[in-house]
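Put chains B, C, D and E on the given structure of chain A with help from the hints.
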Amino acid sequence: MGVDLVVAASVLGVALVIGMATLGATIGQGIAVSRATEVIGKNPNAKKEVMSGLFLGLLMIVALMLFALAIAVILLWMNPFV
Amino acid sequence: MGVDLVVAASVLGVALVIGMATLGATIGQGIAVSRATEVIGKNPNAKKEVMSGLFLGLLMIVALMLFALAIAVILLWMNPFV
Amino acid sequence: MGVDLVVAASVLGVALVIGMATLGATIGQGIAVSRATEVIGKNPNAKKEVMSGLFLGLLMIVALMLFALAIAVILLWMNPFV
Amino acid sequence: MGVDLVVAASVLGVALVIGMATLGATIGQGIAVSRATEVIGKNPNAKKEVMSGLFLGLLMIVALMLFALAIAVILLWMNPFV
Amino acid sequence: MGVDLVVAASVLGVALVIGMATLGATIGQGIAVSRATEVIGKNPNAKKEVMSGLFLGLLMIVALMLFALAIAVILLWMNPFV
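Residue numbers (the UniProt record's numbering), protein chains in the order written: chain A, 1 to 82; chain B, 1 to 82; chain C, 1 to 82; chain D, 1 to 82; chain E, 1 to 82.
Just so you know, the hints here were simulated from the structure itself, not pulled from any lab data.
These numbers come from a predicted model, not from an experiment.
A hint or two may mislead.
If chains are identical, the list can't say which one is meant, so a pair holds when it fits in one copy or spans any two.
Here are the simulated SDA-like cross-link-like pairs (lysine to any residue), alpha carbons at most 20 Å apart as the crow flies [unchecked claim]:
no., residue 1, residue 2
1, Lys42, Met65
2, Lys42, Ile31
3, Lys42, Met78
4, Lys47, Leu16
5, Lys47, Leu12
6, Lys47, Leu59
7, Lys47, Met65
8, Lys42, Ala70
9, Lys47, Gly30
Chain A extracted, bound-state conformation (with noise of 0.2 Å):
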């Protein structure tokens, strides 16, 4: 059962870790999103420069995923308790 144990560990893992990636991830997002379309609504000229803001900042964001993605890959293909 020993190496088993390790194995179910390492699958609820990477289901944990990326299911609170994704659960910041999508959260954060939608808190940029909401105040860029507000201020798209107040200003619709500013809207090119507002794009390419928010999308830098969307971009930061999916790299911060990379973190836990990394993790995933780890524990799934290159576990060094397995």
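Coordinates of chains B, C, D and E only, in the frame set by chain A:
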């Protein structure tokens, strides 16, 4: 019991990763939509610009859920440990 | 006991994925609706535009729940491990 | 013990899915109602429009709980594994 | 089974620490980006200053994640108990 424990953890993991991702994505979209409706109410002329910016943002959020979906598919049909 | 453990995890997983998705979707819709009612109160003339934008957003949120429903259906009736 | 484990997980799952759904729906409706009462207080003339928009939104939230109820009914009376 | 239990807990711990860290960092970045886009919309001439301040802040948030990464690396490859 060995492999079954891993499979049980995988199934539970699939549920957790999609559950958390949907939890975040729906709250995030709610926040984005709430601000967009506010701005449409204040400045109905800007509705087209606001809606196009909003849908770009909502699509970014849906795109993030693909990370979670990828993990779910891997755990269900390409599980490296089963 | 082997397969039963997997089935038990699947059943629990179905409940968790739909529970979390509903948790997020209802809070998200509540946030969106709250802001829409505010704007209708301030500017009743814009009610039609606001309601059409709001329903598009609410439908996007319901659409996200289809991810969770798909997982629930897969775990209940198309479980690859049972 | 086999089937009993599945039944125990189903019972726990029913409780979790309805519990989480109610948790979200009650918070979501609270947010929506709070903003609506605020706006009625500021602008009592708009009460009729605000209340009609609010009730549409609250019904959308209740509709989402039907997903959770469906899962609860399936797990209790149409459980494919018992 | 002794050591396996410790390893299983370590694996789960890695997932939890990175998952929670990403959860916080992404929401935090979303809040920062939202306010930055707002200010760019109000005063597009200040875009360069705002973006440079924003990126410093976002890098600080990423820097904080190094604490969580350090713990993950220690648990995976330098675990003192395994």
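So which of the earlier hints does this model not fit? 1, 3, 4, 5, 7 and 8
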